[in-house]
Amino acid sequence: MASEELTTTGYIKHHLQNLTFGQHPNGSWGFAHNAQEAREMGFWAIHVDTMLWSVVLGVLFIWLFSKAARRATADTPSGFLNFVEWVVEFIDDNVRGSFSGRNDLIAPLALTLFVWILLMNCMDLVPVDWIPWTTQMIMHHIFGVDPHHVYMKVVPTTDVNATFGMSLGVFVLTIYYSLKIKGPVGFASELTMQPFSATNPVLKILFIPVNLFLEGIGLLSKPISLSLRLFGNLFAGEMIFILIALLFSGGLFWGLMGGVLQLGWAIFHILIVLLQAFIFMTLTVVYLEMAHSEH
Amino acid sequence: MNINLTLIGQSIAFIVFVWFCMKFIWPPLMKALEDRKTKIAEGLAAAERGKQEQALSEKRGVEVIKNAKGKAAEIIAGAEKRGSEIVDEAKSDAKVEGERIITAAKSEIDQEINRARETLRGELAMLATAGAEQILGKAVDAEAHRKMLDDLAAQL
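From first to last, the protein sequence lines are chains A and B. Going letter by letter, the first sequence gives residues 1 to 295 in our numbering. Going letter by letter, the second sequence gives residues 1 to 156 in our numbering.
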């Protein structure tokens, strides 16, 4: 963007780089100035943009819904309250539909996941250059930072850390409830006594490693698929927005073409944005239901 | 696409948001929804009750009107009966009164006749006496002929 060497590859790469804060290999702390530096920081670095936007959107969710919660009465609801109640009832219906046990955590968990992911996904619908460009201008003119070194990825769900962070939480809950409901023995037997089972004790013991391998893959694939599905969909959507945005530099015809394409893709993307939030929520509920139920 | 500290930060943010939602958002909203459900159910039940009560009072109203009509008819019939009784009474009273008047008038007439007859008798006796005096040319001794005159008068 506002760089001297504006190439297509550079533009795309710039858009896909998170604003990373961490320790440089030489020992000093600071923001990574390019993808190479960010990679060298290793694990002890943080994506400031992902954290910032996800927390801002999470707080927005908390603020809006707690405002509604404080005002909620049995009387006729106002328009905003009505909307919030509609969302809450939608989640409640879904959770009741797929979760048979009694657990006061599941429904609020589903609500938080759905609205939070939805809000984070919706950042994808903001034209790709608006927020990064504004940030670059601010950083450049106020702090004198080279705009080429200012990164700003506004869609937290296109950062695999964000999606893994959530699916990790879900995974921990799955393990916790499996152990709590079925007991360590029950959970262990679920991992080792199926899908292959036998009445012969020798055969049973022989099957244990096979079963553990298969069930282990099944167990681990849940959080990984959960997070990668969301990440992949949003990353691809973001990528297409970036590619469409490239058209704007190709003259009037391609610019207009890009505008039409962007509108079309944005409208289609609304579906993906909603659907992915819903899928993440539903699968979370399903996984927890599986953790609660005996086989 | 580096996995780094952001992962932990995101997990913590996630846990905090879920905890906050579970603690402060979900319960009051669910409570409000439940309360409203109860309220609506109560309202519907009340409406149903009201409808039943209305139907009941309508029925009662019809009954009251029927009763009133019956009573009114009774009263009218009674009044008619009483009226005809009064008329009959008045008729019989009038008859008796009329007869009484007629009787009284008759007896008065009889008395009048008798009186007139008496008077006539007296006058006739006088006339006869006066006629006889003129015929005889001299005074009739009334005392002397009283017996004869009385006989005459009695014959009239």
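Please keep in mind that the hints were generated in silico from the structure rather than gathered at the bench. Hints are supplied without guarantee of correctness; some may be wrong.
[Claimed, not checked] Computed cross-link-like contacts, PhoX-like style, restricted to lysine-lysine with a CA-CA straight-line distance of at most 20 angstroms:
hint, chain 1, residue 1, chain 2, residue 2
1, B, 59, B, 71
2, B, 81, A, 67
3, A, 67, A, 13
4, B, 23, B, 39
5, B, 91, A, 67
6, B, 71, B, 81
Computed from a prediction, not measured in an experiment: that's the story for all the values here.
Results for each hint:
no., hint, verdict
1, B:59 to B:71, "18 angstroms, holds"
2, B:81 to A:67, "82 angstroms, violated"
3, A:67 to A:13, "40 angstroms, violated"
4, B:23 to B:39, "25 angstroms, violated"
5, B:91 to A:67, "95 angstroms, violated"
6, B:71 to B:81, "15 angstroms, holds"
The structure fails to meet hints 2, 3, 4, 5 from the earlier list, while all remaining hints are met.
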